[in-house]
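Residue numbers (my numbering), protein chains in the order written: chain A, 319 to 607; chain B, 12 to 110.
Certain hints may be false.
[As the list claims (entries may be wrong)] To spell it out: a stretch of chain A is covered by chain B in this simulated footprint if at least three of its residues, at any positions, have a beta carbon under 8 Å from a beta carbon of chain B; those stretches are:
{"#": "1", "segment": "486 to 492"}
{"#": "2", "segment": "542 to 552"}
{"#": "3", "segment": "576 to 583"}
[Claimed, not checked] Each pair of labels, with its calculated beta carbon distance range:
{"#": "4", "chain 1": "A", "residue 1": "P590", "chain 2": "B", "residue 2": "R90", "range": "47 to 53 Å"}
{"#": "5", "chain 1": "A", "residue 1": "V565", "chain 2": "B", "residue 2": "A88", "range": "27 to 33 Å"}
{"#": "6", "chain 1": "B", "residue 1": "R40", "chain 2": "A", "residue 2": "P329", "range": "19 to 25 Å"}
I should point out that these hints are in silico values taken from the structure, not numbers from a laboratory.
Just so it is clear, CB atoms sit at the ideal spot from N, CA and C, and this is done for glycine as well.
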Amino acid sequence: MPHAIGLAVGPATFRIGSAWRGPLAQLRALYADYPAVDLERQVPDFTVRLQPARPWRRFVRPSVFIAGDYWLAEAAPMALEHGLLAAEMGMNLQMALGWRRHLLLHAASVEKDGRAIILTGESGSGKSTLAAQLGERGWRLMGDEFALLDLETGAAHPFPRLVSLKNQSIDVVTAGLPAARLGPRLEGTAKGMLRHLVPRRDAIARMHDPAMPALLLFPRFGLPLAERPVAPGEAFVRLTQASTNYVALGEPGFRALTRFVTGVPARALDYPDGATAMAALDRLWAERA
Amino acid sequence: MPDAIYRAEPPEALVRTSLGAIDALYHRRSGTTHLVAAPMPQILEALAEGPADPSLLWQRLSARFDLADDADAALPALRERLAELEALGLVRREPGGAS
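Just chain A, same shape as in the assembly (with noise of 0.2 Å):
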């Protein structure tokens, strides 16, 4: 790979390596704040290429197809303006497929006085919307993406990279906020458009401290404000859907899944819109206090 940089997210390290400078000239710049990882001297968790699909097409029509340590056959090439979002999923995908230190889960969290919430929910739900926005009002962003689930304490692990938002999220989350934060809007990707939010600085310099599950969140965007307990059952069987690594964890992510069910009280939300949520999160977090 003619270019490559390292890159620390929570406890994982990144190689990313590219055959054009362009997107990772944007990544080095979003992630400016982050902790540098030396590739000379320590060999990182992961290794990510973002590589031609046909040798030529470096220079002809460049189109990114994402390989590494983990890769999926049947991924599409990306268009080489959308080189930032590829070297992401495949980040996300290296720790989707290949993370075993933690019970990984599909899910955004933040945190306020040790304490976290952790949403979790399919694509679409807002939980990357939601986050983002916590993030910016009092809470610590923990990660938009992925909670790690200590397998001995318990405890929640951040995985602070960049927050992927989506569509008519970006606007409702990113006004007033500094340009410098915001990466470049990329327009027609597969889930629309696209932009990345870099987290406040103090989410990234406390990305190694964890913080103990208060509250599980289901939220769903787009219906009308209704929320209900869920019961340890069944949070147990979406959290192993919203899982990559249960199956392979065996007895440890067992007991970790059964541990954090049983413990933690879980909500489903349902909000028509972001100050709603907001303003049932407030609720929901003083009756826990």
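Chain B: place on chain A using the hints.
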């Protein structure tokens, strides 16, 4: 034809956690997680006392729970539940017993 005799997996083979209405079972030998609702946990507990055919197992369950059905009516259902537990690998037929 006599019923088969069933044996539960030894207690150390399973990790069991109650999740309220259902139990989560981690089966160490297969690495599989099972979610079971009543009457499966109760059947497994009763069978853990020792190998039993469906009639003996029904007697154990009747001693623990206030069961409305009589044995003749309940035994076909109990045989079906045991077959399901066998398919999950959570109970086994005694070798040499009736099939």
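To see whether the hints hold, each was checked on the structure:
With 0 residues bearing a CB less than 8 Å from a CB of chain B, the segment 486 to 492 of chain A misses the requirement of three and the coverage assertion fails. Counting residues of the segment 542 to 552 of chain A whose beta-carbon sits less than 8 Å from any beta-carbon of chain B gives 3, enough to reach three: the coverage restraint holds. Residue count for the segment 576 to 583 of chain A with a Cβ under 8 Å from a Cβ of chain B: 3. That meets the three needed, and the coverage hint holds. Here the CB-CB span from P590(A) to R90(B) is close to 52 Å, well matched to the stated 47 to 53 Å.
In this structure the supplied range 27 to 33 Å holds for V565(A) paired with A88(B), their Cβ-Cβ distance being about 32 Å. Between R40(B) and P329(A) the C-beta distance comes to about 32 Å, which lies outside the given range of 19 to 25 Å.
When held up to the earlier numbered hints, the structure conflicts with 1 and 6 and fits the remainder.
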